[in-house]
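K.L.:
Each chain, written out:
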Amino acid sequence: MPCCAFAVFIISQIVLSYGAIKRFLLRSGDSLDDLPSNPATEWRLNAATPALAAGSNRRFGLRTLVLAASIETLLAVGALYGYSLHAHHHHHDLAGVAGAPASVCVR
Amino acid sequence: MAVLPSDIAQPLIRGKATVGPVTAARHRRNAMIYAAMCVVGLLPTILHMSPEMQAAGLGLWIPGGGFLAVGGFGILLFPVTLVLFALAVFAWFGAGVVIAPIIVWLGAAWLAGEMAGEPAWFLAPYLVAAMVAAAAVYSYQRQRARKTKELAKLEARNRTMGAALAEAIEVAAPVPAVGQRELTPDDLAASRYALDRALQPVGQMSGYDKVDQFQTAALRYQINHLGYGLGMLQCMYTPSFHGYLSQAQRNLIELYLDRRIWSYWLWESAWGHLNLTDPDPAAKDNIMLTGWFGIQLGMYMLNTGDRRYAEPGSLPFRRNKHRVFNHDAHTIAQSVLKNFLDSEFCLYPCEPNWVYPICNHYGMTSLVIYDRLFGAKFVPSVLDRWLKNLDSEFTDYSGSVIGLRSSLTGIRFPFPAGDAGFAAFENCFAPDRAQRLWATARQDLKYIIKTDATGAKRLSLPGKGFDFGNYKSGYAGAYAMLMDTAREFGDYEIADAAQRALDQDCGRADDGGVLRYSKGSNLSNAMAMRARIHRRDDFRRTIAEGPPEGSLRGPLLTDAKYPDVLVAHAFSNGDDLDLVLYPGLQAGQQEIRVERLRPGARYVMRNGSEHAFAADNNGATSLSVALRGRTPIHIVPAI
Chain S
1 MPCCAFAVFI ISQIVLSYGA IKRFLLRSGD SLDDLPSNPA TEWRLNAATP ALAAGSNRRF
61 GLRTLVLAAS IETLLAVGAL YGYSLHAHHH HHDLAGVAGA PASVCVR
Chain B
1001 MAVLPSDIAQ PLIRGKATVG PVTAARHRRN AMIYAAMCVV GLLPTILHMS PEMQAAGLGL
1061 WIPGGGFLAV GGFGILLFPV TLVLFALAVF AWFGAGVVIA PIIVWLGAAW LAGEMAGEPA
1121 WFLAPYLVAA MVAAAAVYSY QRQRARKTKE LAKLEARNRT MGAALAEAIE VAAPVPAVGQ
1181 RELTPDDLAA SRYALDRALQ PVGQMSGYDK VDQFQTAALR YQINHLGYGL GMLQCMYTPS
1241 FHGYLSQAQR NLIELYLDRR IWSYWLWESA WGHLNLTDPD PAAKDNIMLT GWFGIQLGMY
1301 MLNTGDRRYA EPGSLPFRRN KHRVFNHDAH TIAQSVLKNF LDSEFCLYPC EPNWVYPICN
1361 HYGMTSLVIY DRLFGAKFVP SVLDRWLKNL DSEFTDYSGS VIGLRSSLTG IRFPFPAGDA
1421 GFAAFENCFA PDRAQRLWAT ARQDLKYIIK TDATGAKRLS LPGKGFDFGN YKSGYAGAYA
1481 MLMDTAREFG DYEIADAAQR ALDQDCGRAD DGGVLRYSKG SNLSNAMAMR ARIHRRDDFR
1541 RTIAEGPPEG SLRGPLLTDA KYPDVLVAHA FSNGDDLDLV LYPGLQAGQQ EIRVERLRPG
1601 ARYVMRNGSE HAFAADNNGA TSLSVALRGR TPIHIVPAI
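Chains as they are written, first to last, in this note's numbering: chain S, 1 to 107; chain B, 1001 to 1639.
Looking at chain S on its own, in the form it has when it is part of the complex (with noise of 0.2 Å):
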């Protein structure tokens, strides 16, 4: 079917890597009865039947949440990081250049 093919065998990837990591660290089974139900198949036209969806997708929210903020924070500390050893480098030459003979060069 249906169409994307190569971004869900992306998807699918990381998907069942977080699988096998939750069983590895939960040691959760590996049977298809394990399979948890999709409460958006209970809803119906003419019952009270509430659509229970939303919880699923606030569960994949939260993971997708953990994961952009596990990469932003790497990406801070290291911008972080660059930006100081940029900033002490430059003071460093600057010092160099002040207190030394004009021959000073990088290379």
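Because the hints were derived from the structure by calculation, they are not lab data. Don't take each hint at face value.
Stated by the list, open to error - In the EDC-like style, the derived pairs of lysine to aspartate or glutamate whose C-alpha atoms are separated by at most 16 Å in a straight line are:
id	chain 1	residue 1	chain 2	residue 2
1	B	K1450	B	D1384
2	B	K1446	B	E1150
3	B	K1464	S	D34
4	B	K1284	B	D1342
5	B	K1457	B	E1493
6	B	K1210	S	D34
Go by the hints and put chain B onto chain S.
P.N.:
Coordinates of chain B only, in the frame set by chain S:
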């Protein structure tokens, strides 16, 4: 006419190991651009330019390579950049963000240049060159191994193709007779899953999976598949019933115009086409909308004779109160055709720059139904080139259609698309090829047919699977797709094995008169519903033929209350109306309305007893019928 294996048992698509000319040209362009980047990137090192320039230059060789020249802890940013680059490539795949990998690659090179403040780490150029060389060698070896494997598979397929085709044709059930089809109580319960969702007020989307609007779980695909299921049901079982069944299809079509469904294109057009001013969803690319939606529109119009969506501006994609992209069935089909004609590959992208052959199969199928509806010649004008390019640019060495290719770079990604998924579509416009694809696919399926505890055959896929409709584990979608395709080719043994697997593994639930699979996504449930009612050639006949002529001009059941009255069979020979109804909730009297009778003429309703009545001056009448279980009703002109 019977198909003989010898008619179509020609060698599989590819006999020689080449890539298509357009793909080859893309590869050459990639190589030239990358070679230029490497030369430019190496110059600062060779010419002993500043450390900043050297680091930035190395960053052109490989994403984040410049951080190796920065040295120290800066090296840690190299793997971070690679991860970020992978995510950017994923964003490119997933949502057509073509600028993301470019920004990450060039941005990392620039940042490395900014960070470098002392002589570059002397090993950096060697390390970067070694990594690029290692990646090239690894990639070459993988490609060679894959090619060898695919060629071996091609040889094996060619050896067995004749027998495989003969077997596929031998086991195929005959095409069922038109006008005699009737939904079983289980079929009706499954159809209620789709009807419940489609009959809620337009704009409400209860009972749908809401995950993202870019990829396969997007609402648009759920809407499309619900529409296909109801369209096929109407064409094959109840063409003389409009009422809530037609209303349900119109609701789905009108829901599709909701900005929440198609606004993904505003983003993709911006970051994929760099087009911020005219993000028309049915102009350039986006066959995942036009091709899929075109089928849904065409099914409804072909089934009902209603041409409202052919009127100019009848399909308004409203961006805001100031901007509307006005479309209709003609402009949707014209968009598909124009893109086919304009694309060097002939097949064209979904997300900007990504060509998915499966979506292009939907696109070609949408043109088949458009030609049938309006007597156009869109398919003959492009099909030969389309098939030639499918063979040369989008088929691997084993003869299987590939999952996707980047139109920008020509890169193919190693996703196993599976021949079964394409076969039903090709049955609509290239039936010989379709038969060959199915014969190939069913050879592979034999390996997953097992026996259950009762001794019955069932499919058995390993692991926990993956549901395209909500990105969770589960095989509902896979089993439904295989069941659907097997039924299209009359292979009921495999279809029944797939249905047994669905019932046993995917949480079949029969509650409140509705049959569903609780462990599947909404998309998978929609596909399972269609698969359940599918019989041989149903998809092809729904697309390429439509309902029988008598039902298009004869009396119609136009009103019945849902879900109180369920319609299992509704056909007309042009004069009569043959119905089978079931009570949806409880047995008792129900009102139905019949139209398109001859004005003022007298009719007899046979329902165990006979009841005479006269049509009014508009050719309509309302009748009270007693529904108890399966209730056949035959309305015929009084003699």
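K.L.:
Tell me the hint numbers this structure goes against, listed in increasing order.
P.N.:
Hint check: 1, 2, 6 fail, others pass.
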